[in-house]
Structures are given as structure tokens and as C-alpha cells.
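Since the structure of chain A is provided, determine the placement of chain B on it from the hints.
Protein chains in written order, with the numbering used here: chain A, 1 to 341; chain B, 1 to 394.
These aren't lab readings, by the way, just hints derived from the structure by calculation. Beta carbons are placed, not taken as given, at the ideal position from N, Cα and C, and that holds for glycine.
Sample of chain B residues lacking proximity to chain A, with all beta carbon distances greater than 10 Å (derived): (1) D84; (2) L139; (3) A141; (4) R142; (5) E199; (6) L295; (7) M338; (8) T357.
Covered by chain B, per the in silico footprint, the following chain A stretches (three or more residues, Cβ under 8 Å): (9) 193-204; (10) 208-217; (11) 234-247.
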Amino acid sequence: MPVSMKQFKKIIPSLLLLGVLSLSYRSAELRRFYISGRAQGTTYHITYYAADSLLTRSMIDSIFDQVDSSLSLYKPYSLVNRFNTSAEAVKMDRHMRKVVKAALETSRITGGIFDMTVFPLTNAWGFGPAGQQPLPDSAAVRNLLTCIGSDKIHIKGNWLYKTKPCVQLDPNGIAQGYAVDLVADKLEALRIHNYLVELGGELRVKGRKQPSGQKMSIGIEAPGENDFEPVMEQVIYLDKGAVTTSGNYRRYHETNGKRRSHLLDPRTGYPISNELISVTIVAPDAMTADALDNALMGMGLQHALRFIEKRPALAAHFIYHRPDGSVTDTMSSRFKRLLKP
Amino acid sequence: MDRRHFLEMTGLLSGVLMLSPATLLAHREDAIRIGIIGCGDRGQGIMQMMASLKEQYAITAICDILDFRLEAAAKLAPAKTYKDYRQLLDAKDVDAVVVATSLHMHYAIAADAIRAGKSVYLEKTMTYNIPEAQELVKLCARYTGQILAVGHQYRYTPLYFKVKEMISKGYLGDVTQIDCRWDRNWNWRRPVPTGYADEQINWRMYKRYSGGLPAELLSHQMDFINWAFDTHPDEVMGTGGIDHFNDGRETYDNVQVLLRYKEKGMIGNFGATCGNAHEGYIFKIKGTKGMVSLLPDKGVFYPEEAAKKELQTVDGVSGATRLEWNTDGGISIVNEKMQDGTWYALKEFYNTVKTGTQPVSNVKTGATTAVCVHLANEAIFSHKILSWKPAYNF
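Excised from the complex, chain A in its bound form:
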């Protein structure tokens, strides 16, 4: 409908007002806010730039509580624990539905190197909530493998079914990334567009630092000698996206001088053992990055590099052992571009 002059004149004041408002909105200086705390057995750090402190600690706690109630193996009442002890099925909440769907997709594209049904192995190798156990023998591993595989769970409506009672989920390789995404979603809902969310070394970033307008810098940690002396292998600069790292240099068990990684291969039933020490993934969201970093650890360097180069949304950095035992690093082509501020 064409606007008549008369109508237009009526609108002018409100347009002017709008202009003034947007001007004043623009000139309202963005300040830096910082919140840190503990969640999911680790620490979180959130930096955001806004005119006021819009994100509160109780909002953050509520997000982590929801994720815990749905996906924590350490909360007896959680939905995932109910699924693990159930004979057949549970009704999922929105968190579980999202995470299970993403896990099934990741399992598909990685040929089963990532598999959320790995929990019986996690426990048997002593990395579950029950702690260290006597090591399983090959017969026990073979037996456990009959409970593992993404073909043994399926979604029907809001329900998640298992084909046999021993099928159990381990959301640890993916739930942390999901929680980071939820905090980012919350910031977006509060119309905050410059932020960095980090939970246990998994990050999601958007926008720029204010008022400098610089990109956020993210250090990729390498195995160092001291905790108070972190070694930054690389520093990358991100406008938008998520960064997660998976490594076997901190979490492992040792018997008779032999290290066993906490990363288990759901296809063989044994701890992953190859040249990789750590893998850092850059992806659009933290859940994707989180699920993929473990899988890439399992692929080995060459396969993992090919996997990343084929997917334009992804970039990766690898620290690995050369055959002579020395430690070195390499990266995908898109990761290289992120090294420039």
C-alpha cells in the first residue's frame, strides 16, 4: 500500500525518534563482563560485551542444572542414568533428544569411531563413575561389544529405545559441548553478540572484543611440564565458532609402565593407541566439535586430516608423536588461516 504524504508526515516523528534511539543505543558503550565458576566437574569462564550485566550467574546455573538432570552420569536421578538402568526405553527431554540425534549423526559420518553407546566399555576400563576396576580380559571385551553400537538404539517420537537391556549411553564426549552451546544460545537470546564461553577447555566464540574491535584469541594448549606454565602450541583468532580439544596426555591410567588412554574405540573395545596426542577442532558449534574431537583421535593422523579437509565447515590442529618418539604438530589448511589476527 502506497504511503500518502499525510501518512508519511505522521510517521516522520516516530522515524526520527527511532533514529535518535538507535543512535543512543549505538553510543551506549559496550562494557566487558566476566563470570566464572564451577560446573560439570570443571570450571567455566564467560566473557561478554554488553551495555549492562544481562547474563546472571543464576541463569548459567540453571542451564548447567538442566543439562545435568538430563545427561549427567554423576547424578543418579538423571535421564541418561534412567535410560542406562532401564530394560527398554525412556521418554526423552529436549536436551537428550538433541544430543542423541547429534550423536547418531556423528557415529554415522565417522563410521562408528564415535559412539555414545560406549558406556559399558568406559566402565570396564575404569574411566566411569565407579572408578578403576580390574582390567577386562579379551573375553570380557568381546562380551561387552555385543552391547555396543548405534544400531542398538533408536528414536521413536519422544522415546529412546534400546534393543537389549545392557545398552548404555556415555554422553561425556558430547554433553559438555552441548552445554557450551546452550550458554551461547542464552547470550544470543539476551541480544549479546560479542562473547566467549568456555567450559573445561571447550569454547564458543562470537563477535569482537570491545572497544578494540579485535578478534578473540584462543590458545591451543600443548602438554606442558607444569600446570602453572601452560604451553601454547598455537594461538588462533575466531570471529565465530567453537573450539574443542581432545587429548590423552592428562587423563590416562598406567599399569606396568603402559599407559591406557581414557579414549576407547567402540569398534574394537580397547583404548585408542596411535600417534595422536591431541586434536583440536574448530566447528560452527561446540556440540559438533566436541563429538568429533574424540572420533578424530581414534582415526589416526592421516585419516583424520582427510576427514577434516573434506568438510568446509571444519578445521583441525593435531599434536602427535613421530615414529622416532619426538613430538610435533600439524594442521588442516583452514586452521592455518585462523592463525592470522
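Using the frame of chain A, we list chain B on its own:
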């Protein structure tokens, strides 16, 4: 059988046991044969620790002037028992001795042991006073074949070693202040069994036997500072009193000394009381870049704000388990569980005896710390400011 005969019999028996296959299996052939002189709490503690180091040590002789101590110690090891340490020093089946007696006997026993050809693990503080420290240094210079190690065990624990490294690498910046406390809220006395005199058991309460709280407790921290900064204090001032337990003791139950390290630009505050236990043990080393707070088995580094920014040069860090800050803004210095300090010290004593190398805590460093303790007590009792003398540089 009377007691003397019994002791001789057990001595004989244990001599026989030493040759039996079972014992040979229990101890490796190259284990050091040890005589324990002084079987009080500390001596027995060392015996128990040595029991877990069977490859390194075989306790062949034990000695104490108090019968009940000797009897208790005899239950810990099938060793020959002595009441006179000089006889123990004559024994052929003793390679080295542990001296864990009251402080006033340290010098005499250690010197006799060295002269008798034994290596010595001498409990801290090394000697009762400065002249004895100087004498022992001179004596050891003449007997180079043997090892004398002083039980300042912080020098052997990985945690304290790491802190020394942090200091020398400059992580703490310029250190200006050191705060140490070793507090308790009880009389620091042991029960006296019937038939024994108080001074035999509670020798720490008597000036002629003991250097009191500074010698028994604060010497550890003083020694660590000497070692970590490769220094010694230039001035010592102090105060103290019998302020709560006026129970006939001579040594003070409340002391505070101030050590001025001129060359390093540091002040050390060392205090101990028997009248409050809230903070217990404190050991804080404060520098321009950060502070280290130490417990015997745990250490936390608290970077100053500026240094924290230096550590956080990036906006975020991605890692398998990234740098974890405690809720109070500190970083844990070592994460593995520490053994008791004595364990590390005894392991090292074995190595130094076997290789003939000087231990990190040796007669010279032990003498330096003994001088610090002596000056501290002098300052406390005389209310004078005392200065370091060139004669104290070992």
C-alpha cells in the same frame, strides 16, 4: 633370665638371623646396615619408614638410654640393642647411623660416629649451638670418605624442589616477604611413664637439651629459605616468652623471630605458639609476581593480577584439561600425591652413601641453619639484634 642377659641373647639371635636365608632374602645384599641412635618418636618413625625401603636399608642395631624406648623399637626390627651409643659405633655390622636424639647430644654422637668411620643421617637441627656446628664442619672436612646428611627433608621433597625452581626461574618476581608459622594449641608435652624423669621425656622443655620451638620446628622453613635463595640472614631479632603454659618449662611456648636477608632484600617472619591451632602451618613466600603458599605436602601458586594477565595472554584456552585455577585464584603446584618427606630424604641418603656424593642437606648447609636457629634463640632470650659474622660462612 635377667634383662641384660635377655638383651645379649636377642642381640645374638638377631646376629644369627642376619645370616639366615630368610633375612638375606628380605634385605638386598647392597642394603646399608643401619644403627638407630635415639629411638623416640622420630627414631621409631624413621625405622618404620626404613621398613618400607628394604632394598636400601637393613636395621642391624638400635640404641637408646631409656629402656621403654628400646623395648618399643626392638619390636619394629630384629636388631641388636645398645644402651651406650659408643658400643654401637664399634659394631662391625653397622655402616651408617641415624641420630635422632635430643638436640644437645647431636654433636657428640655425630662426631664420634664420623670418627668411627660411619656415615651419619643426623636429625635436624644439626647442632645445639654455633661452636659445635663449626667443629662438625671442620671434622667432616678431615673425613671425606663418609657422608653426613642433615634431616632437613624439604630439600628432598619434589614439591619444595619445584618451589625452589619457581623462585630461581623468576615466577615469583622479587621476593620481599616470607611468612612462616608452626602453631598448636596444646602443651607440646609427652606423657612421662612411671620411673622416668620429666627431663628425660620432655627434653624439649629444657634449655640445656633443646633449642625449643625454633630448633624443632622453624628450622625446617629457615633451612628451606637458605637453600631456595642460596642465602643466609644478615640480622636476626626476636622475642618470646612462657606465655600460656607456665608449667615449669624453660623453653618458650610463644616465639617470634624476624630475619633480615639484606642481600636478597627480604624479611622473614618466623613464629610459633602453643596457644592457637587455627592456622597451624603457614609457609608463604611473597614476590612481585606472585605468592606461593605451602603445606608440607601441598603447594598453591597465587599469581599477582599483572602476572595473571601474563599467564592469560589469550582470551580463552582450549586444552584436554586446561589450566585449572582454584576457586580462590590459585594454581596447584604439583598434582600427584606426595610421599612423606622422610621417604625422599632416606632414598637420597642411600644414593649419596653408595655413590660418595655430598647430599643436598650436608654438614655445611646444616651448619648454616644451625647458626640461624642459635641466633634466633639468642635474640629471643637476650632481646638483642644479632648480626651474621664471616665465621658463619661455611
